[in-house]
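J.: Take these sequences, add in the hints, and give me the full structure.
Quick mapping for you: the protein sequence lines, in order, are chains A and B. Position 344, counted from 1, in the first sequence is what the working numbering calls 344; the numbers after and before it change by one each time, with no gaps. Position 18, counted from 1, in the second sequence is what the working numbering calls 18; the numbers after and before it change by one each time, with no gaps.
If you are wondering where the hints come from, they were derived from the structure by calculation, not from laboratory data. Some clues are possibly wrong.
Since copy identity is lost for identical chains, a pair holds within one copy or between any two.
[As the list claims (entries may be wrong)] Cross-link-like lysine to any residue pairs, in silico, SDA-like; alpha carbons within 25 Å at most: (1) K161 - E41; (2) K37 - P244; (3) K161 - E328; (4) K237 - G274.
Each chain is listed here by its residues.
There are 2 protein chains.
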Amino acid sequence: MGMVAKDGGGYVTGNFIDDLPTPALLLDAATLDHNLKVMSEALPGPRLRPHVKAHKCSELARRQSKLGHRGFTCATVREMEGLARAGLGDDLLLANEVLDARRLGALDARVTVAVDSEETIDAAAMGGVREVLIDVNVGLPRCGCDPDRAGSLADLARRKKLEVRGVMGYEGHAMLIEDAGERAGIVAASMDRLAAAHADVGGDVISAGGTGSYACNGFATEIQAGSYALMDTAYAKIGSPFRPALFLLATVISRSSNYAVADCGLKALGMDHGDPTIDGYRVWFCSDEHVTFGRAEGDDREAVALPRVGDRIRVVPAHVDPTVAYHERVHLVSGEGVVESWPIDLRGW
Amino acid sequence: MGMVAKDGGGYVTGNFIDDLPTPALLLDAATLDHNLKVMSEALPGPRLRPHVKAHKCSELARRQSKLGHRGFTCATVREMEGLARAGLGDDLLLANEVLDARRLGALDARVTVAVDSEETIDAAAMGGVREVLIDVNVGLPRCGCDPDRAGSLADLARRKKLEVRGVMGYEGHAMLIEDAGERAGIVAASMDRLAAAHADVGGDVISAGGTGSYACNGFATEIQAGSYALMDTAYAKIGSPFRPALFLLATVISRSSNYAVADCGLKALGMDHGDPTIDGYRVWFCSDEHVTFGRAEGDDREAVALPRVGDRIRVVPAHVDPTVAYHERVHLVSGEGVVESWPIDLRGW
Numbered sequence: 001m002g003m004v005a006k007d008g009g010g011y012v013t014g015n016f017i018d019d020l021p022t023p024a025l026l027l028d029a030a031t032l033d034h035n036l037k038v039m040s041e042a043l044p045g046p047r048l049r050p051h052v053k054a055h056k057c058s059e060l061a062r063r064q065s066k067l068g069h070r071g072f073t074c075a076t077v078r079e080m081e082g083l084a085r086a087g088l089g090d091d092l093l094l095a096n097e098v099l100d101a102r103r104l105g106a107l108d109a110r111v112t113v114a115v116d117s118e119e120t121i122d123a124a125a126m127g128g129v130r131e132v133l134i135d136v137n138v139g140l141p142r143c144g145c146d147p148d149r150a151g152s153l154a155d156l157a158r159r160k161k162l163e164v165r166g167v168m169g170y171e172g173h174a175m176l177i178e179d180a181g182e183r184a185g186i187v188a189a190s191m192d193r194l195a196a197a198h199a200d201v202g203g204d205v206i207s208a209g210g211t212g213s214y215a216c217n218g219f220a221t222e223i224q225a226g227s228y229a230l231m232d233t234a235y236a237k238i239g240s241p242f243r244p245a246l247f248l249l250a251t252v253i254s255r256s257s258n259y260a261v262a263d264c265g266l267k268a269l270g271m272d273h274g275d276p277t278i279d280g281y282r283v284w285f286c287s288d289e290h291v292t293f294g295r296a297e298g299d300d301r302e303a304v305a306l307p308r309v310g311d312r313i314r315v316v317p318a319h320v321d322p323t324v325a326y327h328e329r330v331h332l333v334s335g336e337g338v339v340e341s342w343p344i345d346l347r348g349w
Numbered sequence: 001m002g003m004v005a006k007d008g009g010g011y012v013t014g015n016f017i018d019d020l021p022t023p024a025l026l027l028d029a030a031t032l033d034h035n036l037k038v039m040s041e042a043l044p045g046p047r048l049r050p051h052v053k054a055h056k057c058s059e060l061a062r063r064q065s066k067l068g069h070r071g072f073t074c075a076t077v078r079e080m081e082g083l084a085r086a087g088l089g090d091d092l093l094l095a096n097e098v099l100d101a102r103r104l105g106a107l108d109a110r111v112t113v114a115v116d117s118e119e120t121i122d123a124a125a126m127g128g129v130r131e132v133l134i135d136v137n138v139g140l141p142r143c144g145c146d147p148d149r150a151g152s153l154a155d156l157a158r159r160k161k162l163e164v165r166g167v168m169g170y171e172g173h174a175m176l177i178e179d180a181g182e183r184a185g186i187v188a189a190s191m192d193r194l195a196a197a198h199a200d201v202g203g204d205v206i207s208a209g210g211t212g213s214y215a216c217n218g219f220a221t222e223i224q225a226g227s228y229a230l231m232d233t234a235y236a237k238i239g240s241p242f243r244p245a246l247f248l249l250a251t252v253i254s255r256s257s258n259y260a261v262a263d264c265g266l267k268a269l270g271m272d273h274g275d276p277t278i279d280g281y282r283v284w285f286c287s288d289e290h291v292t293f294g295r296a297e298g299d300d301r302e303a304v305a306l307p308r309v310g311d312r313i314r315v316v317p318a319h320v321d322p323t324v325a326y327h328e329r330v331h332l333v334s335g336e337g338v339v340e341s342w343p344i345d346l347r348g349w
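T.: In structure tokens:
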């Protein structure tokens, strides 16, 4: 089909996958639709406040919005700014603490920010933010105040003329526990802590949860799930209905007698969960711009031939979120065709 | 000093480090100068062909050029394009294989590309590239032909009207070997393989080496070192004269009784070498946008207090190259001041 589009940051040279320069981030359209639909049926409309940190893509957020989820969760100021710019600013939550809220206060959007200390309350007030949630530590050693302090922080925020919408608390330590009963127990204990805080804070919003707890967290008024859309292989072991939708297209650029090398290295992959996988082969190691891989061992695939120089392969990242953050765009694909190419426009800080 | 600059991708709000939004990539000016000077004295002018993959910054490449290193090594087409655009295209080597060389052939620069197969030679010829090096496998299982094949590939390239400038071979498997004698032995064995190939190929260029072998590789006509400029902590153990020059500035956004949390997570850090370090503290774990850390254990720093919310800390990445690739800019700093802010303009593919 030849040239169909060319944008500022690179090259989109065709509407067939084979025409894409590599490495290229591909998103399977049917799997994405499946994931969005399943979650939307489980948590309709405002019961889900999708977290955009996993995909950092306002076009994907627009799809979530069209399914009825008009509020979004963000991890960075840049994510908030990008959603506001994309016209998706009905109800944006920065589920993270900031010490300089001036860029948030300047947004043309409804902005709520998490606070867990006097300093972050001061920052919200001084930055021109109007609404906050009291962030409560529900068991994960990260942000969030002790439940005992939530009420007094809410009082302080109200004295500073901030609207306190309620509480949030992320039970991240429960997300990847394989046993569903054990996971539900930790989620319940976490929500007990959040309930205690909420009793002191008040407000309509109890924001919590994620892809690992969306089905068992019945306490939160809204679930902040994000991973479900692209889905990580790490979640596969907990028996989720969501399916991995993201992979990297790479080109084999070199081959030896017992290994091949493709142009997709550790600068195109989040590596904190380890090496990527390549179906039918064994990954040896990743370099900056290469993955070296050989034949799979110990199964009947031993006889599988190595791909040839110029062949295209699909590489499955071990961790989606930091993989996406390396890429300028993601290509929505169906069969051999590229349906759309979306900028990963919410990257950076 | 207030606002001094604002560029397209973000915010540069002052010329003091304290005014930078976080996370921010900082580069110590004096350490950079030291590293560039030491290498330049060891390998003057064309003896060094700096690899830009570690820093991906054409302004830093300009400093290397001013010290007399006019040829550069690249790992991606985008790095080649960026250097050409920056006017640093006197002699650019893509030390990597490509199957579509059209973007290289279109550059206003002297372009040489590595080839190790019939397919990559065809791609160079069809893409309008005029000069190649025969890439030889010298022991690292990655790109490069068997030394026995180098001569026939050179013949093929010449039949395709390509100028064969010589050979290259990267002894990456030797770089981080701690024992200097053992390292030198592996480098020597690698260069024996390259010499055998060069005898069959001919040409003036024998390109090899890196920061771990620059001092012991006396065979190559030019050394492709890159890491020396910013320097990785991983190289510290091999007793190098280069010093880590790069770190991340982060803000403490939350604190508990026994840990603190700063706004620098695994999307701001290359994680393939593990967690970053924070001087005087112990890193517990990284999340997407957070690092949780506590007091150091087992030494007399046990009494060190945790930093307070709003304090700034410096985080040392475990691996520089993939860290830089996440950031839009790096700030050259001296004392408390920001000297210059350089775009990381060579990212992507």
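J.: Now, for every hint given, state plainly whether the structure supports it.
T.: Structure-based check of all given hints:
1. In this assembly of identical chains, K161 and E41 lie within 25 Å of each other by CA distance neither inside one copy nor across copies; the values are 38 Å within and 62 Å between.
2. Proximity of K37 and P244 under a CA criterion of 25 Å is satisfied intra-copy only: 14 Å inside one chain copy versus 48 Å between copies.
3. With identical chains, the CA atoms of K161 and E328 are never at most 25 Å apart, being 40 Å at best within one copy and 36 Å at best between copies.
4. For the identical chains of this complex, K237 and G274 are neighbours both inside a copy (16 Å) and across copies (24 Å), given an alpha-carbon limit of 25 Å.
Of the numbered hints stated above, those contradicted by the structure are hints 1, 3, listed in ascending order.
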